Amino acid sequence: MPFDSGLISYAAFASLALAMKKHGSSLGWSALPPQRVLRVLGWALLALSAIVAVARLGPALGVTAWIGQMCVAAPLLVLMLSWRPRLSAILAGVSLVCALFTAIH
Amino acid sequence: MAWIHAWLGLLAGWILFAMFLTGTASYFRPEITRWMQPELRSTHASAEQAAQAAINHLQATSPGDQQWFIYLPDDRTGVTRVFARAKPNPAKPAPRRPELKLDPVTGQPLTARDTKGGEHFYRFHFQLQLPHPWGRWLAGVCAIFMLAAIISGVITHKRIFADFFTLRWRKGQRSWLDAHNASAVLALPFHAMITYTGLITLVAMYMPWPAQANFKRFEDFTAAAYGAPAEGKASGQAAPLRPVGPMIQAAERAWGGDPPRTIVIRHPNDAAATVTVLRTTASRLNARPDSITFSGVTGQQLSKSPPPGPAISTAGVMLGLHLGHFADPALRWICFLLGLTGAAMVGTGQVLWVVKRRKANAPPFFGLRLVERLNIGAIACLPAGMAAFLLANRLIPAGLPGRANLEVSAMFWVWFGLAALSLLRPARRAWIETLGLAAVAFATIPVVNALTTDRGLVASLVAADGLFVSFDLAMLAIAALCGFGALKAARQPEPRSFAPARQARAATPKPTSVRENADAV
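The listed protein sequences correspond, in order, to chains A and B. Under this note's numbering, residues 1 to 105 are what the first sequence spells out, in order. Under this note's numbering, residues 106 to 626 are what the second sequence spells out, in order.
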């Protein structure tokens, strides 16, 4: 799937956003992982999205595709987060599952 | 620094918005052209087959030419294009012949409605429909302003990381600032890249002095940079041209399987004939093709383009990044969305300039009204003009002479006409109505397409015609986007009343509380 890097970076940004107090509390969920965990997870996923893109397309096109997909994933997350905060967090999980699913196939 | 950002952005903003929007459309240049010539259907042919078919056609029509250019079909263009240059004749210069489209399989000329197609948006985004040097210069000045605005914007943005994911709706000026920040910061690598590489693409025109200082003629510079073109004289002795198939195969072997994109044949049917095969640039970042030149008579390889130096490689990659030819369909849609983010950044910045300076209890001063009107003309009326360009393609009779220019005129008459008409309405109504009209115009395109061609949405779905299906769906999506803008403008509180903030505050708790209740259940 050509978009898996973007899907992972969406989840990465969601994780980083929820690690911030003002966005994390907007969900109203009590059982959110601690901020430090979310932050580390976010950066790790962001690194993973880069690795996936480079592994798929090679260094030159991979980095280009990674940055491009990241730059689309982040505005999409911000739009979702401002419209339906909970849905944006759920979609982060969904996008990870999608990326995993396409990696297996 | 903040005032530099505000004024640089404002002054170049209207043109930049048009450059961003038409440039974004240009990511789909061949696709738009194909949509605008619905008579043509792509047929698949191998590079060798298409090249030989085109040569057979040229041999039959103009065997004594000086040069033949053959642009081979690919997945995106679907047709072969040929251009033949006649021998220079000092007594009677031959008229410039138009480019022809050929069937890739048979090599027969294809007839379709005359149109500029996607090329129009592409040309407009850096020539701005102005006479030759001026459009490119104006585009360059705006791009420099853009670059300066990007840098000053990053410097003046105090809360880049604190507000990284922040977007607050229905809060007046606050919302516009959030939207401007989000669209700018989150896609910053793209904005900086596209602005800088756009400037670099035309750098030899904007800054010719380094080349002038080191080379007597500009041709000497290009020869030193890109390798001298094979420019032998014709011998005057007739000799048959060999089939190009083996030459293409040899070139593909040398390129690790990459197909050729263009074939240039000099002095066909002469003993000094050469065949230059240029490599495709799809799926590579560097947009400068390398080439191999063969003798047209013996089929032997004569020369190949020298490996480019680091500077030329860098320039080629920058050009490639800007053009996006490397992108597969998935990545091209990403580029398209990034381009829209750029247009959103410029548009929200323009609106923010007005919203920030509007006083609740004072009538707007002249400059404010002027900027607001220009904003309406640039941001809301241009999409309607672009829709008119596409609609005109379907509505102007296919056989009408000069129809290609009529399509272009339709875009500008609708764009500027609508902008002029919107002056008759109060600013807020003008926003709503022009955006609404743009939405209607885009939504009409699939309907008109279905009525005037046999390639409507249903027929295309049945035929599994991905291009026409995507095009109709994209038009509907853009219509929805314009309609959303119109709705949002209609729901905005009256700008000149005292209570925008209070109204917004009163309005927000309601939907959220409903949602929270729903979520709690």
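Think of the hints as simulated: they come from the structure by calculation, not from any bench. Treat the numbers as computed from the prediction; the structure is a model and nothing was measured. Among the hints, erroneous ones may be present.
What the hints assert, rightly or not - What follows is a list of derived Cβ distance ranges for each label pair:
(1) A:VAL37 - B:TYR311: 49 to 59 Å
(2) B:ASP180 - A:VAL37: 40 to 50 Å
(3) B:LEU581 - A:GLN35: 49 to 59 Å
(4) A:GLY93 - B:ALA582: 45 to 55 Å
Claimed, not checked - Selected chain A positions facing chain B (Cβ under 7 Å, derived; list incomplete):
(5) PRO2
(6) ALA17
(7) ALA60
(8) GLY62
(9) GLY68
(10) GLN69
(11) CYS71
(12) VAL72
(13) ALA74
(14) VAL78
(15) THR102
Virtual Cβ for every residue (Gly too), placed ideally from N, Cα, C.
Hint by hint, here is what the structure shows:
The supplied range of 49 to 59 Å is met by A:VAL37 and B:TYR311, whose beta-carbon atoms lie about 50 Å from each other. With their beta carbons about 45 Å apart, B:ASP180 and A:VAL37 fall inside the hinted range of 40 to 50 Å. For the pair B:LEU581 and A:GLN35, the supplied restraint of 49 to 59 Å is violated, since their beta-carbon distance comes to about 41 Å. Taken as a hint, the range 45 to 55 Å is violated for the pair A:GLY93 and B:ALA582, whose Cβ atoms sit roughly 26 Å apart.
Evaluation of the A:PRO2 hint against chain B yields a held restraint, the C-beta minimum of about 4 Å falling below 7 Å. Here the hint on A:ALA17 is kept, as its CB sits about 4 Å from the closest CB of chain B, short of 7 Å. Satisfaction of the interface hint for A:ALA60 is found here, the shortest Cβ-Cβ separation to chain B being roughly 5 Å, below the 7 Å cut-off. For the restraint placing A:GLY62 at the interface with chain B, the shortest Cβ-Cβ distance is roughly 11 Å, beyond the 7 Å limit, so the hint is violated.
Interface hint at A:GLY68: satisfied, since its Cβ lies 5 Å from the closest Cβ of chain B, which is below the 7 Å cut-off. With 7 Å as the threshold, the beta carbon of A:GLN69 comes within range of chain B, its nearest partner Cβ sitting at about 6 Å, so the hint holds. Look at A:CYS71: its Cβ gets to within about 4 Å of chain B, closer than 7 Å, so that hint holds up. Contact between A:VAL72 and chain B, as hinted, is supported at the beta carbon level, the nearest pair being about 5 Å apart and thus within 7 Å.
A least Cβ separation of about 4 Å between A:ALA74 and chain B falls short of the 7 Å threshold, and the interface hint therefore holds. A hinted interface residue such as A:VAL78 counts as satisfied when its beta carbon comes closer than 7 Å to some beta carbon of chain B; here the least separation is about 5 Å, so the hint holds. At about 12 Å, the closest approach between the beta carbon of A:THR102 and any beta carbon in chain B exceeds 7 Å, and the interface hint on this residue is violated.
When the structure is compared with the earlier hints, violations turn up for hints 3, 4, 8, 15 and for no others.
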